[in-house]
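First to last, the sequence lines map onto chains A and Z. For the first sequence, our numbering gives the first residue as 156, with consecutive numbering after it. For the second sequence, our numbering gives the first residue as 16, with consecutive numbering after it.
Careful: at least some of the hints might be erroneous.
Unchecked claim - Okay, derived cross-link-like pairs now, SDA-like style, lysine to any residue, Cα gap no bigger than 25 Å in a straight line:
#, chain 1, residue 1, chain 2, residue 2
1, Z, Lys264, Z, Asp228
2, A, Lys159, Z, Arg237
3, A, Lys207, Z, Lys264
4, Z, Lys264, A, Arg198
5, A, Lys196, Z, Lys264
6, Z, Lys23, Z, Leu293
7, Z, Lys244, A, Lys207
What the hints assert, rightly or not - Residues of chain A clear of chain Z, computed beta-carbon distances all greater than 12 Å:
#, residue
8, Met156
9, Asp181
10, Leu186
11, Glu209
12, Ala247
13, Asn267
14, Glu272
Keep in mind that the hints were calculated from the coordinates and are not lab data. Small disclaimer: the values here were computed from a predicted structure and weren't measured. For every residue, glycine included, the Cβ atom is placed at its ideal position computed from N, Cα and C.
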Amino acid sequence: MGLKIDALTCTACMACELACGYHRDDAFALLSSCIMPYRAKERQNYVGVMLKEEDSLIAARPEGLEINRIGEEQDPDKEADASAKPMLLREACDLCEDIDEGPLCIRFCPVNAISME
Amino acid sequence: MEYLASDKIGIVDLGTGEIAEEELDDDLVLEKIGGAGITKALYDRFADEDPIVLGTGLLTGSLVPGSALGVITARSPLTGKVSHVPLNLDAGIELKYSGFDYIVIKGASDKPVYLWVHDGIADLNDADDLWGKDTWAATDDIRDLMGDDLIQILGIGEAGEKGAELAQICINYWQSGDRFGFGTLFGKKKLKLVAIRGMGLLEIAEPEDFVEDCAGLLSAVRSGSNIGKKGIAAVAATLGEEDIEDWLKPLTHKQMACFNTPVPTNTFVFLDEDPARLEETPVQEPGFLLTDIHPLLIFKKMGMGAADACSALKACAKYGIDAAAVAELSEKGNLSTLEAIQNALPDLKGAASSSGDTVFSQWAGIGNPEKDEWLRRQAVAYIFGIHPVFIRMAPELTEEKLLDLASLGTDLELTAETLDEVVADIIKE
């Protein structure tokens, strides 16, 4: 069981990111979130969603899902954005296991871009 | 101020280069609540020094639906009134988390400078290399220099530098709601831009109850009839403007939301790339983010095609001039082609109605809303930090609910009587 993200439906509003940050910190902050819309390519309007899981870093791109296994060698030709947050250092998604209603990111996404699968 | 705030006001003196800091006192929040309530109070305090005041609402950057809004308050060179420009997209939230609740920029520099705000630090820096650049190039330069593409830029282009009366403060590459000529004020102060990055943390007085109430409010909002509208054209049509969705459709790439705003009020169009493209494009400037419906409506009425109209908006944003005023003056002057409009930008002058007759930007006044009701609703939006277009679409965001949430989040007793007084103070000019 895990999160399913539809990058084409996402409007990059960051509600998921803030809700996740609240789950981590009991305060409003963005730096500890394990989910975040990718908004560094503003001029190109290239928007996806990144999710840190226990063993993987998921990139839900408009053109499809990319799963990067943590610890495995990545494509050396791919250049990381200077502003990419250090997602790998963050805690993995725990599906908000302590919350009866389920993951806060799903609850606060206003356009149903996130669901459980 | 312990909760929903960074507890800091920055006071930047462009004349001396000195930057002072003050705590955000609970008493000021109890008296003025926040957002435009406090930016107006700070404007009044420093009125003799020609201030521009940046700030955020009490609920900006929270899980309250629509909590995207920051505000710039200054005296408009166009209307003569102390007026409020909305900071939407991600500019409001980045300011909220920057370590400053409010920033007063007073005086004038004798050489080009920019203000860099981050992590509770505000620095004035030399902007000689930025002066003369358009808003796009200046945004790129700052982001490249700092190595962070999420920095938000409130900046001027050539229009503001030259003192054009219709100059606009843009947000990154895009048009803002500055219909008041605040870009001219930046130019007069030799302030090229304010760069903002927010990576702070905001404590909540009653976190569980606050977040639960936010979830309930979002649920109520999502049950409303306006949710599901997507993009600048659909939103405008819902609020009573001509429906131009089909006109824009061949260019539409994606509908984009401001921070935590359930209705995406912006539309990204591709002008030099296939709008259906899903992969990242190698084209450096594939298109433009439409954030202001009014110039589009005018350009369409003039008979322009959607691609030319959007290109005209892009030219206005690069030059740093209010596209709504440009559209209105173009219509009056029979400038009906993209080339004619682009060529006219450096010399465009004249009275435009786009600045309106109130202290709030006409940018959000879509579809001719009832004046008195809309004036109060805007004041509430600017005090609490709620997207002013969204608040019109979400009647579930009542004043009572917003006051309850603000009290819950701050542990301060904020009353309807105080809100009445603050609203009256903001709108009286």
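What hint numbers does the structure not satisfy? 1, 3, 6, 7, 9, 10, 13
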